[in-house]
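Could you put together the complete structure from these sequences and hints?
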Amino acid sequence: MRQEPTGFDQNVRRRGAAYLKATPGHKNFKPGHDYWKWASNELFVAYGRICAYTCWYMPLIGTLDHYLPKSKYPELAYEWSNYRLALHRMNMNKSDSTEVVDPFAVQPGWFALDFPSCLVVPGPNIGAPIEAQVRKTIDILKLNIDDNLVQERCNLMVDFSKGYIALPFLRERYPFLAIEIERQNLQARAAEVFKTRN
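Numbering (the numbering used here), first residue to last: 1 to 198.
Keep in mind the hints are simulated off the structure, nothing from the lab. Fair warning: this is a prediction, and the values are worked out from it, not measured in the lab. Careful, some of the hints might be misleading.
[What the hints assert, rightly or not] In silico lysine-lysine, DSSO-like type, Cα no more than 30 Å apart, as pairs: (1) Lys37 with Lys136; (2) Lys72 with Lys142; (3) Lys30 with Lys72; (4) Lys72 with Lys136; (5) Lys37 with Lys72; (6) Lys195 with Lys162; (7) Lys21 with Lys37; (8) Lys142 with Lys195; (9) Lys72 with Lys21; (10) Lys162 with Lys142; (11) Lys162 with Lys37.
Pasting the structure below:
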């Protein structure tokens, strides 16, 4: 987790705390009390424009996702530690779910990519409890159901296999894809793996 930005306490936390104290039940956040919006650009900069759920670069500002939903955890609505930078569709797919694996808790190898299908799958040898959480996360976020997401991953891999984009670019903009290319030693055989898509 990146360090809380300067000004967050004054602009978000304190204002939010005052609102929560004055609003019984505070389950419904009325317009004008979404003080977390102040942190949207700060989140965008802090995480280098990378979506926490897809590990994709976002050219435009993404959405601020409350990892633990504010409808269920209002006390965390104004806390920096509860914010995740997310593509809009990831935020919509996740909605108020509390079953998605926290991106900050994900360990290397929990998620993997199947090539050439470009589907997200549980990593090998991660153990049944973690595998179940990973599968639930994949389903909730629609990482394989959304054809656009799958096609975008495949397009990137085809471009990589043709040499149009290089591994350093993927490391910076699509780190999960780069990690899987290296883990599966695809650098030298990407053209062969993706020949049917070329």
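* Asked: Which earlier hints turn out false for this structure, listed by number in ascending order?
  -> Hint 11 contradicted; others consistent.
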